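Protein chains: 2
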Amino acid sequence: MAKERIRIGIMGLGVVGSGVARILMEKADRIQAHIETPVELVRVLVRDPQKKRDFQVPGHLLTTSSRDILDDPDIDIVIEVMGGEIPAYKYIEGAIQSGKHVITANKEVMAKYGPELLTLAHQRGVDILYEASVGGGIPLIGPFQHDLAANKIISIQAIINGTTNYILTRMASEGAEFGAALAEAQALGYAEADPTNDIEGIDAVYKLAVLATLAFHLPVRPADIYREGISRLTSRDFRYARELGYAIKLLAIAKEENGMVEARVHPSLVPQGFLLAQIGGVNNAVCVQGDLVGTVVFYGPGAGSKPTSSAIVADLILLAKNITAGLTGRFRLREESGKTISPMDQVQTRYYLRMSVADHPGVLAQIATVLGEHQISIASVIQKEADPVSQTAEIVIMTHLAREADMQDSLAKIRALPPVVQERCFFLRAEG
Amino acid sequence: MAKERIRIGIMGLGVVGSGVARILMEKADRIQAHIETPVELVRVLVRDPQKKRDFQVPGHLLTTSSRDILDDPDIDIVIEVMGGEIPAYKYIEGAIQSGKHVITANKEVMAKYGPELLTLAHQRGVDILYEASVGGGIPLIGPFQHDLAANKIISIQAIINGTTNYILTRMASEGAEFGAALAEAQALGYAEADPTNDIEGIDAVYKLAVLATLAFHLPVRPADIYREGISRLTSRDFRYARELGYAIKLLAIAKEENGMVEARVHPSLVPQGFLLAQIGGVNNAVCVQGDLVGTVVFYGPGAGSKPTSSAIVADLILLAKNITAGLTGRFRLREESGKTISPMDQVQTRYYLRMSVADHPGVLAQIATVLGEHQISIASVIQKEADPVSQTAEIVIMTHLAREADMQDSLAKIRALPPVVQERCFFLRAEG
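Here the protein sequences line up with chains A and B, keeping their order.
Every number in my numbering is 33 more than the matching position in the first sequence, counting from 1.
Every number in my numbering is 33 more than the matching position in the second sequence, counting from 1.
Just so you know, nobody snuck in bad clues.
For identical chains, the list gives no copy identity; a pair is met inside one copy or between any two copies.
Cross-link-like lysine-lysine pairs, in silico, BS3-like; alpha carbons within 27 angstroms at most:
{"hint": "1", "residue 1": "LYS372", "residue 2": "LYS354"}
{"hint": "2", "residue 1": "LYS354", "residue 2": "LYS36"}
{"hint": "3", "residue 1": "LYS354", "residue 2": "LYS185"}
{"hint": "4", "residue 1": "LYS60", "residue 2": "LYS185"}
{"hint": "5", "residue 1": "LYS372", "residue 2": "LYS145"}
{"hint": "6", "residue 1": "LYS354", "residue 2": "LYS60"}
{"hint": "7", "residue 1": "LYS372", "residue 2": "LYS185"}
{"hint": "8", "residue 1": "LYS372", "residue 2": "LYS60"}
{"hint": "9", "residue 1": "LYS85", "residue 2": "LYS60"}
{"hint": "10", "residue 1": "LYS185", "residue 2": "LYS145"}
{"hint": "11", "residue 1": "LYS60", "residue 2": "LYS36"}
In case anyone wonders, no lab produced these hints; they're calculated from the structure.
Only a predicted model underlies this, so the values are computations on that prediction, with no experimental measurement involved.
The task is simple: from the sequences and hints, build the whole structure.
This is the structure we're talking about:
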């Protein structure tokens, strides 16, 4: 039953929604060149129809009632670009229940409910496409679903939050402290007034959940992902890291070994020779290691109206082709049995330790002894001349691979050593 | 008419062919998990059935006659991994004519005959997939066909030949001369005994033709692409480039402006801040600028048995799904009218000029005058102390944007200036 026309409803007319509406109208020819069936935007859900917007959608398309989209049997595709969990999740679920296809940029909903929504869509014979939910216009969902399908994925290491990468880039290049770099990011519109979601790694956790679920063939939920933000980093850490040959990035990491999947988001030292160490500003880069392909990296702007619209419209073209061919509801999230999430305690990585210690003889020996007792071996040490005023010296230690539980135990013991200034004993994890 | 079984013939059992056969046999479970219909390798064309190979394909599958594959009505998919133009092109065309789908890694055939083969496949209702023809396992064809479909592509700038990138990386990092770096690449198996195709840019031209044809919606043939190899570069050029803030890479470049498409492969100065300047060793990186997505980069190993097999098997999974769904022959190479290829003369870029000149007063003024008369303005100059033995000085000039024809004219005039040592007057183009 070939459709004469494919009708679209957009939910949300913020930055991304306006971008999509603009492209649907201004680039209709380019889109239509890919699709045999005419595509038409018929309804847009907004909170305030009177609001002035960069791109004015014709007033008769606007509605403030979600029912005008969800209950309209003529609408084939719902593009959800409201963001946030509620009510977006309910709208997406409702759309699928009514047999509509969904295109969404909603990382939070896909991270929390992706597996259920994908299963529901498959049952209802419709598609839910979500390329725009991670990495703006950088192709990521498509590559995992198709291009890398022959691979067993070994690891994902990604810079997937532009706000924090901007802040860290400024801290590294200007010697800025966190607060100043955040304020600058806010002034430039790269960080929100309430920056919590970005700087605490919540946004990155959502994106990693989406990617890891696809890559490792088991549902990886936000709650499964260890998370640490960037607000405790100091300019000194960047100086020491550089001296040791590293950059500092907020990494989203997921790895599988023998059926154990680890997933974590935290600031991490990255060897300067790694491509990820070179990624500056608000850009994203996702590094994927597969057993066949080796290491591939996908790089680009991770957010913004146009890049995100690029992904949404690509999904729309694909979906419209599938609808025209009478072929939808094909995608299944393939789950492989016998896999589990590693607890963070069991994760093995390298560590960077920075400590202020009273300038006494034998302090380094005491610290090294604690580490040795926990089977943690030291790769390199930086000890600077003591500060004559405070009579404290700063010691920085890079370890070889160690288990998180051992590191945490060591750290508790090191903090309790009398010469160590407890509140100035800080550690970071390191890749490579 | 759902097929009970999808049967595959492989043509060619070299490094890539063996890799594909191995995956089809050893990873059958993983592949089959994606596809409802069982997939079976039934025939492999080889030149010498007795030859010892890393991976031994069961002897009863081997044949030395292409007819055993092309004329076998039970074979649904031909995987062509012989390489070279003849007889591969004839086999591909024959397979399509007999209604078989084709998966190929053959950049030469796709560069020279891609548009015709794609059209023929569409007419015959079959698919020709060629993700493996460019960039090994790095997703590139898929992204251009799908993920970036909403974009008007502005430019492609790519490192798509691993051999030359290895050589240039060694010249840059070790101060090696071209001959020594090539010999090293040959010793390591990165360059062939006859390295012409790589070092003269022919391989890169094929790959650029494939990508540009997809990106700009007009057939871009190898003959349309200006080409220069890397054999004339000297270690001095790398030193001067670094001093000026550039790396030197063999770039494949294609750009569109106002319907004029330029396409060229030549060594190029790349600003050190560009991601492409950071790509070392045999890796590839393709930088794509789109009107919506901004600048995205795809990076990874550009060749090798496993990465190339990763792309071929991904194509196979996609194709098998489409065959199962009864949906093939859908892809059309979309051509946009009114576009033409720019002659190289009209290309605008920046230039790096290196000249040996007799150490006389006023030489730089003479050179600058010639450039000025051709509307070429100078961005920076390096002039080193004259060599006391040869009484010649070396002058290096970076220009602002200039037209190729003007540059060539200037160069002819500069070479004719008495103080200029004609055979040591050399230029390179620069991006950024």
